[in-house]
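Peer 1: So the chains spell out like this:
4 protein chains.
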Amino acid sequence: MTIEEGQEILLYVNEKKSWIVIVESGKKFHTHKGIVDLGELIGKEYGTELKTTLGLPMKAMPVDYLDHLERVSRKTQIIYPKDIALITLLANVRPGSRVVECGTGSGSLTSYLATHVQPGGMVYTYEMREEFQRIARKNLERMGLTKNVEMKLKDISEGIDEREVDAVVLDMATPWQVVDLAHNALRTGGRLVSFSPTINQVEKTVEAMRSKGFLAVKALELLMRTYKVKANETRPDMIMVGHTGYIVSGRKG
Amino acid sequence: MTIEEGQEILLYVNEKKSWIVIVESGKKFHTHKGIVDLGELIGKEYGTELKTTLGLPMKAMPVDYLDHLERVSRKTQIIYPKDIALITLLANVRPGSRVVECGTGSGSLTSYLATHVQPGGMVYTYEMREEFQRIARKNLERMGLTKNVEMKLKDISEGIDEREVDAVVLDMATPWQVVDLAHNALRTGGRLVSFSPTINQVEKTVEAMRSKGFLAVKALELLMRTYKVKANETRPDMIMVGHTGYIVSGRKG
Amino acid sequence: MTIEEGQEILLYVNEKKSWIVIVESGKKFHTHKGIVDLGELIGKEYGTELKTTLGLPMKAMPVDYLDHLERVSRKTQIIYPKDIALITLLANVRPGSRVVECGTGSGSLTSYLATHVQPGGMVYTYEMREEFQRIARKNLERMGLTKNVEMKLKDISEGIDEREVDAVVLDMATPWQVVDLAHNALRTGGRLVSFSPTINQVEKTVEAMRSKGFLAVKALELLMRTYKVKANETRPDMIMVGHTGYIVSGRKG
Amino acid sequence: MTIEEGQEILLYVNEKKSWIVIVESGKKFHTHKGIVDLGELIGKEYGTELKTTLGLPMKAMPVDYLDHLERVSRKTQIIYPKDIALITLLANVRPGSRVVECGTGSGSLTSYLATHVQPGGMVYTYEMREEFQRIARKNLERMGLTKNVEMKLKDISEGIDEREVDAVVLDMATPWQVVDLAHNALRTGGRLVSFSPTINQVEKTVEAMRSKGFLAVKALELLMRTYKVKANETRPDMIMVGHTGYIVSGRKG
Chain A
45 MTIEEGQEIL
55 LYVNEKKSWI
65 VIVESGKKFH
75 THKGIVDLGE
85 LIGKEYGTEL
95 KTTLGLPMKA
105 MPVDYLDHLE
115 RVSRKTQIIY
125 PKDIALITLL
135 ANVRPGSRVV
145 ECGTGSGSLT
155 SYLATHVQPG
165 GMVYTYEMRE
175 EFQRIARKNL
185 ERMGLTKNVE
195 MKLKDISEGI
205 DEREVDAVVL
215 DMATPWQVVD
225 LAHNALRTGG
235 RLVSFSPTIN
245 QVEKTVEAMR
255 SKGFLAVKAL
265 ELLMRTYKVK
275 ANETRPDMIM
285 VGHTGYIVSG
295 RKG
Chain B
45 MTIEEGQEIL
55 LYVNEKKSWI
65 VIVESGKKFH
75 THKGIVDLGE
85 LIGKEYGTEL
95 KTTLGLPMKA
105 MPVDYLDHLE
115 RVSRKTQIIY
125 PKDIALITLL
135 ANVRPGSRVV
145 ECGTGSGSLT
155 SYLATHVQPG
165 GMVYTYEMRE
175 EFQRIARKNL
185 ERMGLTKNVE
195 MKLKDISEGI
205 DEREVDAVVL
215 DMATPWQVVD
225 LAHNALRTGG
235 RLVSFSPTIN
245 QVEKTVEAMR
255 SKGFLAVKAL
265 ELLMRTYKVK
275 ANETRPDMIM
285 VGHTGYIVSG
295 RKG
Chain C
45 MTIEEGQEIL
55 LYVNEKKSWI
65 VIVESGKKFH
75 THKGIVDLGE
85 LIGKEYGTEL
95 KTTLGLPMKA
105 MPVDYLDHLE
115 RVSRKTQIIY
125 PKDIALITLL
135 ANVRPGSRVV
145 ECGTGSGSLT
155 SYLATHVQPG
165 GMVYTYEMRE
175 EFQRIARKNL
185 ERMGLTKNVE
195 MKLKDISEGI
205 DEREVDAVVL
215 DMATPWQVVD
225 LAHNALRTGG
235 RLVSFSPTIN
245 QVEKTVEAMR
255 SKGFLAVKAL
265 ELLMRTYKVK
275 ANETRPDMIM
285 VGHTGYIVSG
295 RKG
Chain D
45 MTIEEGQEIL
55 LYVNEKKSWI
65 VIVESGKKFH
75 THKGIVDLGE
85 LIGKEYGTEL
95 KTTLGLPMKA
105 MPVDYLDHLE
115 RVSRKTQIIY
125 PKDIALITLL
135 ANVRPGSRVV
145 ECGTGSGSLT
155 SYLATHVQPG
165 GMVYTYEMRE
175 EFQRIARKNL
185 ERMGLTKNVE
195 MKLKDISEGI
205 DEREVDAVVL
215 DMATPWQVVD
225 LAHNALRTGG
235 RLVSFSPTIN
245 QVEKTVEAMR
255 SKGFLAVKAL
265 ELLMRTYKVK
275 ANETRPDMIM
285 VGHTGYIVSG
295 RKG
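Residue numbers (the working numbering), protein chains in the order written: chain A, 45 to 297; chain B, 45 to 297; chain C, 45 to 297; chain D, 45 to 297.
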């Protein structure tokens, strides 16, 4: 693959340092450790190594979805990849699925859902705060994932417009208040998955789901432990994200 | 949705008890708690509740992918949904992706990959043991997921046939021995993800990936904690799956 | 050290199989794998290996406190060593400490507290159920730890008799109802530590402690992960005790 | 209890802010939020609240061992209270125990061992680095715990001087090299407990212990999860210490 003018590329230094930039002839990119001339990359192969004026080596890499996802995550209230991945599985999201999401937030979960309902599916994503919707739209546009998303500026507690959807995914402060509406919107056998930081939200949501007759109601959380791997010195990292949120899931009976 | 003759349905009793059965007129299904007449369901709505001759209530639910996945998982050496979901994310699997997998095992990870490369993508899955391949094929057929899978009865260490693939996913005893081959098979920027139960496998795989020049090499594991939720009595479950395996990921530079 | 008639010894086969027995001349001990003559051990050194009639090797080991503690733990509702150890530290139990405990249960926590208040300290342990007290007394007698324990057959919610104690340790269903009484019983700077299985108990106890003016109120839990260690095959055990209970601690201001 | 001139007290603001100071007439204590006159506390009760010149409220609390332990922990390479507590239990440390420790480090584990071998027991603690020993000695003096400690400025790999000890506790880089020496030093049935940050150290130590014939060899680790407790908003803390070290224990056969 050859790098062309106008393309987004990833300038990769190491795990902790990399940038997404657009290649243009004559354009310089400034770092703390010197400057690179992006124009020189035009016509080169992806994977090409270049050096800044101060000698810092970098690689010109193709940008992919995960590069974008990492960057979204850093900007706003975050939902971690580990949770995004499992929520998507537990909601049984697949090509063609119609999924209601609330709230949109920064759009990171939206983007993953949108990826996996292709082709033919749709993510209907509700958000009350206009500025969040704007941020999310920008993120989705950057990722090329707007086609399978319908963004709604609306308080979901006033009603879900869709019917017979395959899944409802909630990442909001009061999910238990939406359980009835989610039940109405779902097809029989459809999945409700909710993500919340506190155990009290979990209690209320599980109770609401049970009393509405949801089947297979489960609550769980994922802890991700990262490792420092080195021959003869391997150990878990000392600092860990000890909590992100709990996941509740169930199925319309 | 109406239940039709010949369809697979899920007979759901509770979280721990449910069966996938085929509806046929005149067919009886026997449980420890009495018998149900499956033929009576023909023409009924999904969600219909029925009772066994001994009074056990059940629901006739549509069968979906997750129902099948749960059942695959119970049969052979297992890769848990939490790991399947995150491996798929870390491998950046998406519509159109071309993914090499080794080994096929029972096909549970294969089935999830195959779902998410649709349409247009392909999972090339290597397996040495014929009986495993046969089990996996049956599982994939049952799930309707054979179209995007190419099953290979071959020792992957003799070579990966594909080139410029987007991802290589390894769930095998000696992943470090395949790192070079994976590097050859991957396109620049493609992802290698490996799953292993022991920390020693992690050490060797990470070392092999680093010395081959893989970027952003990371090792991690997911711990899933399930909860017993009940108003005023909420607590984590006492017994937990404390370990499934470690996930190593990286990217061809 | 020489084994003498009438002594308790540990017959050790492996980590999972060992028995505490009393050595008497002429006494036989029967196992699934044959018989040993305990009398033959008299006058032998500790550490002596013997064989059953069917060839199973065993070691005659001195019995210590931990051997007894493991056995107590198996019999009743259990408080795990990891929790016993940290509760004792957080309660700042030391030689001479006067500690109120409720409930006595099987006496396993009592026995650890009693060990570490020696000499001169005292554990005042409250229990309402006579049969529990009887079991606990037997356990403490067996361990030789009755001297520093005063066992009280009493509902603690009717009052704590002691004043100016150094610590109050609670392992009971409704600890929040005892927070006021504990406050009265403690000296300024004394520690209250409570152990409970549910998060709701934690919420109520923490709230009660805060509103009573306890300082440095903290809530935490310990997860213990055990490992299967073998060269090149090291990994955490697959099955884990995922939850025992939460520990709340604070200090009278 | 009355505060007297010359006494150490704890000035407590909140969980995160407190100082150990010595009360002297005429002495001022300066904080970011104003000044307090320590002399005014003489003759007052412990628990007295005072205010800085800028209105910050504080409590004058008695200082206890845990206050000192917290402060030791912050200064050097740390062994956490959760590990100190369990190591002490697993080493079966009790009044009268004779314990070999290596290395002394900052003396925080030493101090806990020394507390619990009273009366009549002894901690023989080895340390090669003179400045560490000096720091540890100062810490132990401050805690009043020197009586049951013998500090040795010596490389333990040159030999353990003691015989028939009840426990050997290792917190050093190469514990496996000391397993033979520990075996010689221990009495039959005595306990060896080792604490190490990497899994490779665990592997080597477990192998060395097994080949030396230690019984009941186990490896484990403790994860401590702290909670933010508030009615209706209870959740685990987001940032967690994800790893401190592994504990290996066994018993001389």
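Treat the hints with care, since some could be wrong.
Heads up, the list lumps identical chains together, so a pair's fine if it works in one copy or across two of them.
Capping the alpha-carbon separation at 16 Å, the derived lysine to aspartate or glutamate pairs in EDC-like fashion look like this [what the hints assert, rightly or not]:
#1 Lys-60 / Asp-205
#2 Lys-272 / Asp-199
#3 Lys-88 / Asp-224
#4 Lys-88 / Glu-52
#5 Lys-272 / Glu-68
#6 Lys-88 / Glu-202
#7 Lys-191 / Asp-281
#8 Lys-182 / Glu-48
#9 Lys-182 / Glu-194
#10 Lys-274 / Glu-84
#11 Lys-256 / Glu-84
#12 Lys-95 / Glu-49
#13 Lys-262 / Glu-59
#14 Lys-274 / Glu-251
#15 Lys-95 / Glu-175
#16 Lys-95 / Glu-48
Hints were generated in silico from the structure; no laboratory data involved. Note that the coordinates shown come from a computational prediction; the quantities given were computed from them, not determined experimentally.
Peer 1: What hints, given by number in increasing order, does this structure fail?
Peer 2: 1, 2, 3, 5, 6, 7, 8, 10, 11, 12, 15, 16
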